[in-house]
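**Student:** Residue numbers (my numbering), protein chains in the order written: chain A, -3 to 437; chain B, 78 to 351; chain C, 8 to 311; chain D, 23 to 387.
Treat the hints with care, since some could be wrong.
To be verified - Calculated Cβ distances over 10 Å to all of chain B for the following chain C residues: (1) D28; (2) F35; (3) V106; (4) W144; (5) E165; (6) V181; (7) V207.
Stated by the list, open to error - List time: in silico EDC-like cross-link candidates among lysine to aspartate or glutamate, alpha-carbon distance up to 20 Å: (8) A/K414 <-> A/D161; (9) A/K326 <-> C/E88; (10) D/K49 <-> D/E265; (11) A/K414 <-> C/D67; (12) A/K414 <-> C/D174; (13) A/K172 <-> A/E182; (14) A/K418 <-> C/D67; (15) A/K259 <-> C/D151; (16) A/K329 <-> C/E88; (17) C/K91 <-> C/E79.
Source of the hints: derived by calculation from the structure; they are not laboratory data. Here the structure is a predicted model, which is why all the values come from computation and not from measurement. Built from N, CA and C at the ideal position, the CB exists for glycine as well.
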Amino acid sequence: MTMKTLLPATMLLAAALGATPARAATEISLFRFFGGCSDEYANVTDLSKAVGECGIIQVLANKFNAENKDGIVVKTQSVEWGVYYDRLSANVAGRTPPDIAVMHRSVLPNYQVRGLVEPLGKHFATVGVDVADFVPVAREGVSANGEIWALPFDLHSLLWHVNADLFVKAGLVDEKGQPKLPGSPEELLRHAETMKARTGKAYLAIPSQADPMPTWQYLSWVWQQGGNIVDAEKREALLESKESREALRLLNVLYAAGHANRKHDYTAAQQAFLSGEAAVLINGTWGVDVYAAQARNPNSALKNYVVRDMPNLYGKEAVWSDSHIWVLPKQSKPDAAKLKAALTFLKFLNDHNFHWARTGHLPVRASVLASAEMRALPHRSEYTRTATIATGLPPIQYQRALMDLLINELNSTWLINKPQDKALANSQRAASSILRRSRRR
Amino acid sequence: MNRTFGDRLILVLVIGAAFVWMMPMLWVLSLSLRPNEELVRSTAGILPWPKTLEHFATLLRVSLTPRWLLNSVIVAFGMTALTLLLSSLAGYAFARIDFPGRRAVFLLVMAGLMIPEQAILVPLHAMLADWEMHNTYFSLIAPRLAGPMGVFLMTQFFKAVPRELEEAAELDNASRLKIFWSVMLPLSRPALTTLGIFTFLFAWNDFLWPVVTATQPEMYTLSVGLGSLQGNFAMSEGLGFLMASAVFASAPMVILYVVFQRYIVQGITLTSGK
Amino acid sequence: MTVTSVQDAGSRPHGLARYRDALSGYAFLAPFLAFYAVFLLYPFGLGLWMSLHDWEIVGDYREFIGLLNYQELWDDPYFWEALKRTLQFAAITAPAATVLGLVLALALNGPLRLHGALRAVFFASNIFSVTVVTLVWSMVLNPDRGLIANGMRAVGLEPIAFLADQDWAMPALVVTTLWWVAGFPMALFLAGLQQIPPEVYEAARLDNASRWAVLRRITLPALARTTLLVVVLQTVMHLQVFGQPLLMTRGGPANSTRPLVQLIYETSFRDWRSGYASTVSVVLFVMMFCVALLQFRLSRQEGD
Amino acid sequence: MADVLLRDVRKRYGAQEVIHGVSLELKHREFIVFVGPSGCGKSTLLRMIAGLEQISDGEILIGGRRVNDTPPGDRGVAMVFQNYALYPHMTAADNMSFGLRNIGTPRAEIEERVAAAARTLQIEHLLKRRPSEMSGGQRQRIAIGRAIVRRPNVFLFDEPLSNLDAALRVQMRVELVQLHQRLDATSIYVTHDQVEAMTMADRIVVFRDGRIEQVGTPLEVYRTPANTFVAGFIGAPKMNLLETRVTAASTGRVEVALPGGRAELAVDGRALASGASVTFGVRPEHLRRTAGEGVFRGQVKALERLGRETLLHVTGTDGASLIATDTGDSPVRIGDTVALALEPGSGRLFGGNGAALPPAAASAA
């Protein structure tokens, strides 16, 4: 049996080694989510051919590998989104961090406070990344203690993706014939009733199973009331505040009245919107490009696609947002050549910030934002306020743990009818124990 | 004994159940042999196949699967060989050498049977992180050598070997090591085979520890690698590919099972301490 | 598991020989003991120590907080939820696997080659890794393109999203697990059946015992020890459930399938709270220890 | 020169002593049989000589060398085990040569010695086989062969024939004795079978409870057992032992009462008072049916017709029972009443403590 198993194994080993490209001068590892599409875009280096987050970042890497003069090879490791941070922290905890990693701005404090990421200010100056070109909100998002800790890549936030035809049909239009969005919770419910009555379609489609979307909507509504879920100064959770109760109440009212389907997951919600079964899809900036492309398809049920900033229901403009940023994890054995290679790649990414913005995300460079090609992208004029009303949690640690527990608890109010007060009380308790450590440091 | 109607009925029912039992496996095998374009349309039916081997070709060509296979082979063989060595050495000492503190040490070791792997997962990770040893074959193998089950089995086995054999060897001027190596080890072939197969199965299928310690795809074992593919497969276009990975990962076990079925079934009674 | 004593009727050597034996004894043990101490005993102790700390897996933050983790555990709804789900899962799966294994063993304890082949079929699923099993069953249960969905559509039923459905997720995991493990208790029961002397059955036939009477009066009582063993082994095993929910449901929907091990894994590697995760580990250890102790007590009584 | 010398050898397990100070001298080329009921310590003593058991106290010398702390392999002894203890994974040849290989004997010499032993034992055709492919008798020969090739000074046999069937056992008994005579070594043979002891031994050592009861040639042990235990243990059927009383005692003569009369024995009776309790022992072949008075009278309760002779189980009126021999064609039937006479000069007398009373001649000196 030994021989029987060993022989093919040896042959496979030979095959595997043969298939590995010869070691380049400098190989750096890139750790990212956005999905895996290395097969689809195996040898594509033409950015114009790339579509969607995965395609664009993959082609950017391909292009860099093909064109850089320093013999740098970026080896992408794409990790499925749901386990990305588990993997990243496992790698960092295991002392085998990647050379470059993508991250959300909200996660950065965890790493920055522990000294797990390389400070980049000086390096950016060296390789020529112009920090002053970052829009202020983006720059602040990656700054702490007077230092820059990451390359901001985008600003993404929630949008309301709208099927204009259904709004017209329901008569929910303003004087210009454009979809009219609600300005208060009561109006939202009225509109939803009208939509149901006149078109027979649901007003909202929102991924509600195993998805953070409703929680992001909830956060937006909390902030619109002038509240928050944490007190950044005292590092205390405020999950049982009246703003929090109200935002959760509204979500549940919508589900209960059938204005949104509580059983939809991401795919199903998106499908409901694309097939004209729902008037509004609550999803992020990353969907714009995809839905616009869908609407151009003559067979699509969605014909008149428009985008809207998050409507203000409570008086204070706010919408949940976050950023994708690139960090260089601190290595236990620093390697100057790898560091330089990684910085070269960051510079390359920054130079191509516009291409990333094609996904629908907002670019972070003032020069790109103001550029003509940016303005030429479809629908961008429809959500200009988002950049200014984008809100995130205060820069505290453990945001991801907080969000995870919040998502779990909130989801269970509509999925298993957990009493809302109980869900918030549970969240409050769990959040407090998380924040306790944040206070202690 | 006459086959009664009842016996026949039971047999028919069990055959039906076995067919249902095998369905998932056969279906997955069938999916792995059908082109993706067809699978997008329909996944129904089991026949006709095989239609294509493209998924397996892709598997070997573009993915890391061969590398994972290699890792699994190294880990499984390494763990098996070392477990056999350590367990038989220790088992021999416990069964046959009368040294002070034997009883206490044996109890201490057997107490380890009570410690589930999950209970030490986190500290073990912290420890190997301190050593900067994650993502190595060492980290995949070494912590799995500490389990006392093999020692227990080998102790039981060696205790059952007639003492005279060893005494004869002692009279034949054999040293302890010589007795162990030339007499006891060859004698324990059946026990070693059983323990070896079980260790191999365990190593091959191990998930919890490898998923924690192997964080870089190059160091995944097949089991972990397959797990990493699973995340978004419901939407995946490459369903056939995914199923081919599953078939690929389990094929060595199926072969092992077919060849060693007798030992495996025997071994179960052994491992249960009967 | 019976831990038998190694003390046997050997003599107590003295003097030179005794010294030689001590030396060789520990020399033979040394390799294993080294691994045992470093990779089992030490981590176990370290785990206890960590549970008294705020200890982060990333970075080097660790602060002694006494029993605070245990206090928080007591107040932690996620822990209780996970504990409940773990016990629920084990309480369904262990007896079900036992009964299924027993039924299969009784049906397949025959002399024909066919019996052997069928035994091999039912046992075969046991040899797959958890990732293969979950991959297969995620696909089988898939509401869109799954085997069961195909079947349901064929008879005009609406497919069920088993793994995303609050009511179906846990049963789906149980069924998956049963398919995976049932061959093991079957093999144990078959071994148990082999140990019943055939004369007993022959005597029963002479006594005109019915099939049912033979089963109830002879076979089942003879399998009592095996049954206890199977139940305990299965319980211990299923208290450790991890891969199936992690890979099939991620603990969802709405936390309804997250077991303790997954909580440990996530708390430590997702939330970085290794100290707290260690606390949960300690609880898991105590639980399994109690089951083992229970088995010890029961098998003792059995032996009397 | 004594080849094996035991001096006050003791064996203790914890607080319990199982061998109580055994001293024994074995001569070169002697065939010694240790006999005794199971648990009497004979095997333990053998294993102590082999070095497989530690000696708690006393000393053992082999060829004049103190071997208390010598490892078994270096004592110049070879052992044949009850279960043969052949290495199951080795061929017969490998089994036999294993010891020689371990001490680095040259290859050619190993082959020569194995061949020689195989010739002696007529097992040449078995050399390539493994133990599992051989019969019990064949394995036995291989085990002996393994001992022979080592050319030991002392052969140790631990009940080597007990796993063989009766016919083979008889044959092997003879062969072992013949083998012993050809070899230049001392043999120590442990058995619980007194027939083996009688037929094979130059000298018998009878053990009981970790002590030597008697040492002597087979005939000495048979004829003049040192005590009631030896008397009962050696000989089949065993010696008849009757509890009785002294009716008259003098320097060279003791008279005891028997159920059918009185018997006179040439024993030093000075220490005995009339009426003292003693045990009278007589071998069955020394009791004959007689038409006259005899010394014992009773009813025949059972008959064992052995062909060459017939054993009569006779029970007296007072319940005492003994066995006598009669001719092969004895006309006696069960239920008959017979009288038994004592052959002149036969019979032994044992004192209250079971020890044989000294013969009259000894006391005269």
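**Student:** Work down the list of hints and note, for each, if the structure agrees.
**Tutor:** Hints and how they fare:
no.: 1; hint: D28; in the structure: 5 Å, violated
no.: 2; hint: F35; in the structure: 4 Å, violated
no.: 3; hint: V106; in the structure: 14 Å, holds
no.: 4; hint: W144; in the structure: 7 Å, violated
no.: 5; hint: E165; in the structure: 16 Å, holds
no.: 6; hint: V181; in the structure: 15 Å, holds
no.: 7; hint: V207; in the structure: 15 Å, holds
no.: 8; hint: A/K414 <-> A/D161; in the structure: 36 Å, violated
no.: 9; hint: A/K326 <-> C/E88; in the structure: 37 Å, violated
no.: 10; hint: D/K49 <-> D/E265; in the structure: 39 Å, violated
no.: 11; hint: A/K414 <-> C/D67; in the structure: 38 Å, violated
no.: 12; hint: A/K414 <-> C/D174; in the structure: 15 Å, holds
no.: 13; hint: A/K172 <-> A/E182; in the structure: 23 Å, violated
no.: 14; hint: A/K418 <-> C/D67; in the structure: 35 Å, violated
no.: 15; hint: A/K259 <-> C/D151; in the structure: 15 Å, holds
no.: 16; hint: A/K329 <-> C/E88; in the structure: 42 Å, violated
no.: 17; hint: C/K91 <-> C/E79; in the structure: 17 Å, holds
The structure fails to meet hints 1, 2, 4, 8, 9, 10, 11, 13, 14, 16 from the earlier list, while all remaining hints are met.
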